[in-house]
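Protein chains: 2
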Amino acid sequence: MSKDALYSSLTLPCEKKLVLLVLDGVGDIAARSTNWRTPLEAARTPKLDAIARESAMGRMIPVADGITPGSGPGHLGLFGYDPLKFEVGRGVIEALGLDIELKAGDVAARANFCTLDAKGIVTDRRAGRIPTEVNAKLCEKLRQIKKAGGAEVIIKSGKSHRFVVVFRAKGLAGPLTDSDPHREGAPIQTVKPTGKASAAQKRAAKIVNDFYKQALPLLKSDHPANGFLLRGIAHQPHLPDFRERYGLRAAAIATYPMYRGLAQLVGMSKIPCGETVESEFRAAAKQWANFDFFFIHVKATDMAGEDGNFDAKVEAIETVDKSLPQLLAQKPDVLAITGDHSTPVPMRGHSWHPQPVLLWSEVCGADGHARFTEKNANSGSLGMFKAKRLMRLMQANARMFNKFGA
Amino acid sequence: MSKDALYSSLTLPCEKKLVLLVLDGVGDIAARSTNWRTPLEAARTPKLDAIARESAMGRMIPVADGITPGSGPGHLGLFGYDPLKFEVGRGVIEALGLDIELKAGDVAARANFCTLDAKGIVTDRRAGRIPTEVNAKLCEKLRQIKKAGGAEVIIKSGKSHRFVVVFRAKGLAGPLTDSDPHREGAPIQTVKPTGKASAAQKRAAKIVNDFYKQALPLLKSDHPANGFLLRGIAHQPHLPDFRERYGLRAAAIATYPMYRGLAQLVGMSKIPCGETVESEFRAAAKQWANFDFFFIHVKATDMAGEDGNFDAKVEAIETVDKSLPQLLAQKPDVLAITGDHSTPVPMRGHSWHPQPVLLWSEVCGADGHARFTEKNANSGSLGMFKAKRLMRLMQANARMFNKFGA
Chain G
4 MSKDALYSSL TLPCEKKLVL LVLDGVGDIA ARSTNWRTPL EAARTPKLDA IARESAMGRM
64 IPVADGITPG SGPGHLGLFG YDPLKFEVGR GVIEALGLDI ELKAGDVAAR ANFCTLDAKG
124 IVTDRRAGRI PTEVNAKLCE KLRQIKKAGG AEVIIKSGKS HRFVVVFRAK GLAGPLTDSD
184 PHREGAPIQT VKPTGKASAA QKRAAKIVND FYKQALPLLK SDHPANGFLL RGIAHQPHLP
244 DFRERYGLRA AAIATYPMYR GLAQLVGMSK IPCGETVESE FRAAAKQWAN FDFFFIHVKA
304 TDMAGEDGNF DAKVEAIETV DKSLPQLLAQ KPDVLAITGD HSTPVPMRGH SWHPQPVLLW
364 SEVCGADGHA RFTEKNANSG SLGMFKAKRL MRLMQANARM FNKFGA
Chain C
4 MSKDALYSSL TLPCEKKLVL LVLDGVGDIA ARSTNWRTPL EAARTPKLDA IARESAMGRM
64 IPVADGITPG SGPGHLGLFG YDPLKFEVGR GVIEALGLDI ELKAGDVAAR ANFCTLDAKG
124 IVTDRRAGRI PTEVNAKLCE KLRQIKKAGG AEVIIKSGKS HRFVVVFRAK GLAGPLTDSD
184 PHREGAPIQT VKPTGKASAA QKRAAKIVND FYKQALPLLK SDHPANGFLL RGIAHQPHLP
244 DFRERYGLRA AAIATYPMYR GLAQLVGMSK IPCGETVESE FRAAAKQWAN FDFFFIHVKA
304 TDMAGEDGNF DAKVEAIETV DKSLPQLLAQ KPDVLAITGD HSTPVPMRGH SWHPQPVLLW
364 SEVCGADGHA RFTEKNANSG SLGMFKAKRL MRLMQANARM FNKFGA
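Quick note, the sequences are listed as chains G and C, same order. Residue 277 in our numbering sits at position 274 of the first sequence; the count goes up by one each step and never skips. Residue 154 in our numbering sits at position 151 of the second sequence; the count goes up by one each step and never skips.
Chain G on its own, in the form it takes in the complex (with noise of 0.2 Å):
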């Protein structure tokens, strides 16, 4: 039997309430350079501390070993689906970043103005970095192209020089290559599939070359963004149903668009919310009766961790202690309190280091951990595991499950 098969086989109907609270990239390092602390442990966080003294604890391996995951496959993870099994291409979550609401077999691409020259030779890469408005105004006129090969053509603008563009019909498939020629002094390349191509994929090569056909016209007189280059050309994956896998309703809220759309992907509801984490909370709060299970994402401790802003990444995390007690108002039953990966401080960046995770619930076994730490989840009972497992533990401190045999 396969694992899966055993969950859904034991799977009880859920009469608890859910939480996952993604610090995203609340995971640091103790280095020379933040004087051998990390932020979880400078932070004051009274109201986690009392959490955590009865919480169990523990590291998760986001992916693999050594990997430094995104925010998709990353997020992948938490969601309890193998990031290595399941790839979101970078066209798929540029979209979704601009909040655009894909439908499964959509081809999606990360587009960028540039500038050419007379010869089609692509001059700059980024069009001298134009601003935000000329961008809006030129992706207006490129939507008097209503259909390219048959497929509907969706395109949102983004900031200075990005755009997305989305192919919509029937039987399409990605992945394909790059139009961009990832170089100044090369032209725009024509698309193809990768790989063994299907015939979808094919199609999708068609239509977006069909695209490029109508369009480059339209923008001939617009220097210095008279081209585009298209990278990540990609369709939506169909990743199993989370309700049907979990047997949970679930709500996403997140203040970018980024991470509702990764949550939208497996087929959560996304709850509007405002810009703080307190109006998450609300948020969760108002939806408490409608769902069962809540992914709610903070953003401020990866953007700090991203800066190599120690100090803002210690505040945000004591902004989020500061609001906990609205979300614990609500009296979740299980809740689970992570990253999707570390963004060490003294690394700017994301990466591999196993993220720290709680999980409280009144069966969860205190390990009586005074604080939520990393050094601290070292000796949890949780142990070290792979991300894609905490649902599963999840579920089982909600009492999800049947005994499995006798």
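Just so you know, these hints were derived from the structure itself, not from any lab. Predicted model, so just to flag it, every value in this text is computed and none were measured. Check before you lean on any hint, since a few could be wrong.
Identical chains share a label here; the pair holds if one copy fits it or two copies do between them.
[Said to hold, decoys possible] Only pairs whose alpha carbons sit at most 16 Å apart, straight line, appear in this in silico EDC-like list of lysine to aspartate or glutamate:
(1) LYS6 - GLU309
(2) LYS389 - ASP370
(3) LYS6 - GLU90
(4) LYS389 - ASP102
(5) LYS406 - GLU90
(6) LYS406 - GLU309
(7) LYS106 - GLU18
(8) LYS195 - ASP120
(9) LYS140 - ASP324
(10) LYS406 - ASP244
(11) LYS150 - ASP314
(12) LYS389 - ASP68
(13) LYS289 - ASP314
Dock chain C against chain G, hints included.
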């Protein structure tokens, strides 16, 4: 995507220096007979302690739970090759131990001189443990045989009654059954292929049996060493090239031939050195510019464990500690210190107990433990993991992997 494919697709050129320092059999167990201490705990190691404070630690399962590895599987694991997938036959290990330069496809056999009676029955499987000098003379005699069944024959004498025979030709393969009956009172056995016999195995068996036909008459009058027995007849396995697999130019430094040989099997370059740890570190320093990765093997810890000599094991560890500054002077970017397995003093032999490992780099994430011991490793941030995964963590710490996914 397979994990190996994932790692390959993300691997960046190496710009760092990595050192894997193997204290053979360093792991130990606290037991009544050692007053509940381990040699790592009892040793005075100020240099190691200073590194330990800034390191991440964990424990490594050499092969599988409860499995005690020989040196072959132990080292293959450390080099990142699954010891269950890549088996190195006993004959090959023995040949490497006698510093024979094996080529891919060579079939090697571990050989013992033995005593035969007039009817060809084995009366002493070790020929009364003849002196090494006699052994050398007999091997010289056997070297009259240049070819057997078309294959080149290479003979090298070892200690007492032991020697090695290598058969070199195209299209040979092991494993073959032993000619050794494994008891006195039986004749020398005809050698046969094991399992589903391949054509290459059949060819090899024919060659070995032809060798016997030529060799036994030569020894006829050399009582008590008038015969010989072959065991562990195996071909050198094909192992994926270390440099291709990891993008690392690797050097092997070891005072014992077998360990150099194991490293050579995966394509490492053997670097000459003297008999002491200091001379090994000096050899590394001399070659520092020419390699990215240095495997340095220290034998004394294992020998002391095999002898059940607690004080000698403590001393072996302290000797390494005293020499460490010489290695650290080269400023390695990534340093891993561990064993290929445990050789607990109370057990006087290899064991299955996961060996402690220390991993240092600027971005390892310090666990803050004051010393490198088995107990501290138990609560380290690396957790408990298979030894074959260490290489990937070392690469990550050398910043050799791109981010996976967006």
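How would you label the pair LYS389, ASP370 (within, between, both, or neither) given a Cα cut-off of 16 Å? neither (20 Å within a copy, 20 Å between copies)
As a check of your reading, is LYS140 near ASP324 (CA-CA no more than 16 Å) within one copy, between copies, both or neither? The answer is neither: 42 Å in one copy and 68 Å across copies each exceed 16 Å.
Please work out whether the CA atoms of LYS289 and ASP314 approach to 16 Å or closer within one copy, between two copies, in both situations, or in neither? Answer is neither; intra-copy 32 Å and inter-copy 44 Å both fail.
Could you place LYS389 and ASP68 in one of the four classes (within, between, both, neither) given a Cα distance threshold of 16 Å? Answer is both: 10 Å inside a copy and 11 Å across each meet the 16 Å cutoff.
Within, between, both or neither, where LYS106 and GLU18 count as close if Cα-Cα is 16 Å or less: Answer is neither: 31 Å inside a copy and 43 Å across each miss the 16 Å cutoff.
State whether the alpha carbon distance between LYS6 and GLU90 is at most 16 Å within one copy, between copies, both, or neither. between (20 Å within a copy, 14 Å between copies)
At most 16 Å between C-alpha atoms: does LYS195 with ASP120 qualify within a copy, between copies, both, or neither? This pair counts as neither: shortest intra-copy Cα distance 24 Å, inter-copy 73 Å.
Checking an output row: LYS150 and ASP314, CA cutoff 16 Å. Within, between, both or neither? Neither: 50 Å inside a copy, 75 Å across copies.
Have a look at LYS406 and ASP244 and pick one of within, between, both or neither, based on CA distance no larger than 16 Å. neither (24 Å within a copy, 27 Å between copies)
At most 16 Å between C-alpha atoms: does LYS406 with GLU90 qualify within a copy, between copies, both, or neither? Intra 33 Å, inter 13 Å, cutoff 16 Å: inter-copy only.
My question is about LYS389 and ASP102: at a cut-off of 16 Å on alpha-carbon distance, are they close within one copy, between copies, both, or neither? neither (29 Å within a copy, 41 Å between copies)
I want to check one pair: LYS406 and GLU309. Are their C-alpha atoms no more than 16 Å apart within a copy, between two copies, both, or neither? Intra 44 Å, inter 14 Å, cutoff 16 Å: inter-copy only.
The earlier numbered hints that this structure contradicts are 1, 2, 4, 7, 8, 9, 10, 11, 13.
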